[in-house]
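K.L.:
In case you want the letters, here they are:
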Amino acid sequence: MIKKSYIIFVVTIISFLGISATWVISKANDSIEELPSIIKKVPDFSMTSHTGTPFNQDSLKNKISVLDFIFTSCPGPCPIMSSNMRTLYKQYKLHPNLQFISISVDPEYDTQDVLKLYADANGVDDERWKFLRTDMESVKKLNKEGFMFMSESLPAGHSVKFVLIDEEGNIRQYYNGTDKGSISILRNHINSFLKNFSKNA
Amino acid sequence: MGVWYIIYNLNMQRYFQFSILSMVFTYLLIFIGGLVRVSGAGMGCPDWPRCFGRWIPPTSLSQLPDYIDPEKFNLVLAWVEYLNRLFGALVGFIILITFVLGYLHFKKSKHVLLSISVAFFLTLLEGWVGAKLVDTVLDPITITIHLLLALIIIGLIIYSSIQSYYLIVGNFEKSSNYHPHLKSVIVGILVCLFIEIIIGTEIRGGLDMSRKDNPLIESIILLKMLGPFKYIHTILGFSLLGLTLYLRKIVYDIKFRSSPFMINSVNSIMILIVTQILLGESLVFFDVKPLMQLFHMWFSSLLIGLTVSVFTFWKISLEP
Chain D
-1 MIKKSYIIFV VTIISFLGIS ATWVISKAND SIEELPSIIK KVPDFSMTSH TGTPFNQDSL
59 KNKISVLDFI FTSCPGPCPI MSSNMRTLYK QYKLHPNLQF ISISVDPEYD TQDVLKLYAD
119 ANGVDDERWK FLRTDMESVK KLNKEGFMFM SESLPAGHSV KFVLIDEEGN IRQYYNGTDK
179 GSISILRNHI NSFLKNFSKN A
Chain Z
395 MGVWYIIYNL NMQRYFQFSI LSMVFTYLLI FIGGLVRVSG AGMGCPDWPR CFGRWIPPTS
455 LSQLPDYIDP EKFNLVLAWV EYLNRLFGAL VGFIILITFV LGYLHFKKSK HVLLSISVAF
515 FLTLLEGWVG AKLVDTVLDP ITITIHLLLA LIIIGLIIYS SIQSYYLIVG NFEKSSNYHP
575 HLKSVIVGIL VCLFIEIIIG TEIRGGLDMS RKDNPLIESI ILLKMLGPFK YIHTILGFSL
635 LGLTLYLRKI VYDIKFRSSP FMINSVNSIM ILIVTQILLG ESLVFFDVKP LMQLFHMWFS
695 SLLIGLTVSV FTFWKISLEP
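For the record, the sequence lines run as chains D and Z.
First residue of the first sequence: -1, per this note's numbering; consecutive thereafter.
First residue of the second sequence: 395, per this note's numbering; consecutive thereafter.
Bear in mind the hints are in silico, worked out from the structure with no lab data behind them.
One or more of the hints may lead you astray.
Said to hold, decoys possible - Cut-off 30 angstroms, straight-line C-alpha distance, at most; resulting in silico cross-link-like pairs (DSBU-like, lysine-lysine): (1) D/1 with Z/577; (2) Z/606 with D/61; (3) Z/624 with D/91; (4) D/139 with D/25; (5) D/178 with Z/526; (6) D/2 with Z/643; (7) D/88 with Z/606; (8) D/88 with Z/683.
All chains, full assembly: derive it from the sequences and hints.
P.N.:
Written out as structure tokens, the structure is:
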């Protein structure tokens, strides 16, 4: 026969651990789901996508966007960035409210045809991932003034950050596009934004 | 002679007390480790052993070093992970003291000394695996190794603790004469438990992978999408219950004169296995709640400890 005091002891311990763990889990969940605050608005811009369609600041509206700056002949971090972007693109295939944008920082080489080939090589088969180009001056301006990146040594010196943009066209957070840990946090934030987005829709 | 014997005995008792302390704190650490996992705080500190380059985690973004991406900073997750590390260091220290006491007072008992020595060295290894977890951004296989090492450590501490108790109080199992099947049944339960735990971590890892590939889909649907692992987990769970029922039957048989330690441990194993089946099935049929996952994992570690206890009682019963 198990003693009553033993049962009370076990129940007390389990309850204490359970209540403490519930508190920690709920605090952790709240902190993970907390949306990052607005950094600044993306300024006006005008570009063309790899499919030839125009793309401007209004194209950011009513969608959550993940944006980066790359160039197709980049030997350095771009393949890792595009590979990480490709993974996200595939993982969120059921979420048309999320779009991916890669802006070329070498528009002279990255013609629309080259971008189209690059898109194909990355398995892009719908409208959710767009590769954009415009003239070099506009790219530099958007890079520096719009996203606060260094633009003196483009194309080689482009940022490796992914930028999360909300449905109003506001920059919400920057992530290291070559780092697994950062991408995992980006994934959490995308989930929170999408949940919020579908609630408001 | 008498005074020396008392001091000798007191020292042995001190070892026993510290081994119990090691056991309790290791169990708490396994719980906290599981809590880190279910609350998603595993990467709360992106570096090791410091947290964002500091010995006391930062409380604001301005305290972050330049070489760490600021988006990785989450105050709550950083502190959850860091408290786990601090508690880990405390447990390591307690096991170190236990190991030293074992070395000083149980030189002649290979059962006590060898098991606590291995436990101590595995604890050091466990700290290193913890660092690798951060390096590999929570690689699933490394997570499994981290848990399995913790279970081996707790098993060794319990074995050492009971063996020291036997040397202090004498053979408390001397009147027991257990069923010849007992050893095989206990070993069978232990092997099944380890397989169950490995499959459990596979299910958990698979669920995490599936959640990444299918974001915002309910966990219960993802669980249904997982392969045959979950069925093997359930089947093995019921097999464990069968083995435990048989164990209970042979332990309760009056002719084997089982000790109260043995009877209470076997009853606890049975209660825990039933609880585990209920918890596991409710995860499948209702929802995958983090708190339930945490207790499901933690109870499995308690089961390992109890089974090792039963094994040790049986082993002591063979001693003269």
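K.L.:
Each of the hints needs a verdict: does it hold here or not?
P.N.:
Quick rundown of the hints versus the structure:
{"no.": "1", "hint": "D/1 with Z/577", "result": "holds, 28 angstroms"}
{"no.": "2", "hint": "Z/606 with D/61", "result": "holds, 20 angstroms"}
{"no.": "3", "hint": "Z/624 with D/91", "result": "holds, 27 angstroms"}
{"no.": "4", "hint": "D/139 with D/25", "result": "violated, 41 angstroms"}
{"no.": "5", "hint": "D/178 with Z/526", "result": "holds, 15 angstroms"}
{"no.": "6", "hint": "D/2 with Z/643", "result": "holds, 24 angstroms"}
{"no.": "7", "hint": "D/88 with Z/606", "result": "holds, 10 angstroms"}
{"no.": "8", "hint": "D/88 with Z/683", "result": "holds, 27 angstroms"}
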